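Got chain L sorted already, so can you dock chain H onto it with the hints?
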Amino acid sequence: MDPDRALVEAAAGGDRDAFDELVRRHQAAMITLARVLTGGRGDPEDLAQEVFVRAWRSLRTFRGDSAFRTWLHRVAINVVRTSHAKQGRLRRLFHDEPPPDPPSGEEPLDAALARRQAIDRALAALPDDLRVAVTLRDLQGLDYKEIAAALDVPVGTVESRIFRARQKLKPLLAELLGEG
Amino acid sequence: MMQDEDQRLVARVLASRPPEAVPADFVARVNARIDATGGGGWFALADFRTWTLRLAPIAGALVLVGLLWTPASPTTESPATASPAQPSQAQAFTPASASDWQRDVTADALLEAAFDRMGDSGAR
Chain L
3 MDPDRALVEA AAGGDRDAFD ELVRRHQAAM ITLARVLTGG RGDPEDLAQE VFVRAWRSLR
63 TFRGDSAFRT WLHRVAINVV RTSHAKQGRL RRLFHDEPPP DPPSGEEPLD AALARRQAID
123 RALAALPDDL RVAVTLRDLQ GLDYKEIAAA LDVPVGTVES RIFRARQKLK PLLAELLGEG
Chain H
7 MMQDEDQRLV ARVLASRPPE AVPADFVARV NARIDATGGG GWFALADFRT WTLRLAPIAG
67 ALVLVGLLWT PASPTTESPA TASPAQPSQA QAFTPASASD WQRDVTADAL LEAAFDRMGD
127 SGAR
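Protein sequence lines correspond, in order, to chains L and H.
Each residue of the first sequence is one higher than the last, beginning at 3 in the numbering used here.
Each residue of the second sequence is one higher than the last, beginning at 7 in the numbering used here.
Isolated chain L (complex conformation) (with noise of 0.2 Å):
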């Protein structure tokens, strides 16, 4: 049963308030979701909220044979990926400079801080594939029923992804594995 279904009947309604309370269940994660995939380019919280708006937009479609999450985590893939595109577009019109690295964790910074950029870092080395599969599974705690929806791939697909993103994640990560 989706913990969301009833306030998501009742945003499709027209229900304002219920929409809000759908925000503040998935703000966090989509904000996660979007500097994860951006890996440092782009503004997660701009992304985050243009999630939110399509996903208003697009509630009356939602005909509810995903969980909601599960549908909100595949519009917030569709929209860091167009915003993907259209920076990629931009940059080869105006030359642009690279984007930015994820930041290099050399400024002094509080223990929680230090931790999410490392991770951040690691993923951001990581391909495009591997990178999402991973972090929907691991820090937004989806399940790989839901992972395969989300991508439109096969279950089979996402496990290889999920174990070959590990990985590849474990050296990046020597430091913090040898914490725990």
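What the hints contain is simulated information worked out from the structure, not anything from laboratory work.
One should not assume that every hint holds.
Said to hold, decoys possible - Covered stretches of chain L, as calculated for chain H (at least 3 residues, CB under 8 Å): (1) 18-29; (2) 162-172.
To be verified - Using 20 Å as the maximum straight-line C-alpha spacing, the simulated DMTMM-like pairs for lysine to aspartate or glutamate come out as follows: (3) L:K172 - H:D12; (4) L:K170 - H:D10; (5) L:K172 - L:E161; (6) L:K170 - H:D12; (7) L:K147 - L:D4; (8) L:K88 - L:D130; (9) L:K170 - L:D122; (10) L:K172 - L:D130; (11) L:K170 - L:D130; (12) L:K88 - L:E47; (13) L:K88 - L:D48; (14) L:K147 - L:D6; (15) L:K172 - H:E11; (16) L:K170 - H:E11; (17) L:K172 - H:D10; (18) L:K88 - L:D45; (19) L:K172 - L:D122; (20) L:K172 - L:D131.
Because the structure is a prediction, the values reported are computed rather than measured.
For each residue, glycine too, the CB sits at the ideal point set by N, CA and C.
Same frame as chain L, now just chain H:
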């Protein structure tokens, strides 16, 4: 075995990523953005993408009709394409009139064209 342990360790580290700080006004900003775009109401009607998407099936149907439709009779040849075969027009052809239109044509080519025409009308 070792691989499974590695997989679990990496998963645990990733899951320990501290959560994002969400701005206090995030919901308000989402709402402002929805309102700015008309909330999907009247403003959305002006969105050309909505219209082009909705009209796509109609456009497709028109293309199909255009492809499948054949003219009722094959005698719809235009007068312009039919005219060179008309004897009256062939007779009207003279080297002088041709040279009026094609000043860069050589005299030999002009003569050849004129004799060809005369030969054609003689054969009829």
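Now for the hints, and whether the structure bears them out:
no., hint, result
1, 18-29, "holds (count 5)"
2, 162-172, "holds (count 5)"
3, L:K172 - H:D12, "7 Å, holds"
4, L:K170 - H:D10, "14 Å, holds"
5, L:K172 - L:E161, "17 Å, holds"
6, L:K170 - H:D12, "11 Å, holds"
7, L:K147 - L:D4, "14 Å, holds"
8, L:K88 - L:D130, "17 Å, holds"
9, L:K170 - L:D122, "14 Å, holds"
10, L:K172 - L:D130, "17 Å, holds"
11, L:K170 - L:D130, "13 Å, holds"
12, L:K88 - L:E47, "17 Å, holds"
13, L:K88 - L:D48, "15 Å, holds"
14, L:K147 - L:D6, "18 Å, holds"
15, L:K172 - H:E11, "11 Å, holds"
16, L:K170 - H:E11, "14 Å, holds"
17, L:K172 - H:D10, "12 Å, holds"
18, L:K88 - L:D45, "14 Å, holds"
19, L:K172 - L:D122, "14 Å, holds"
20, L:K172 - L:D131, "17 Å, holds"
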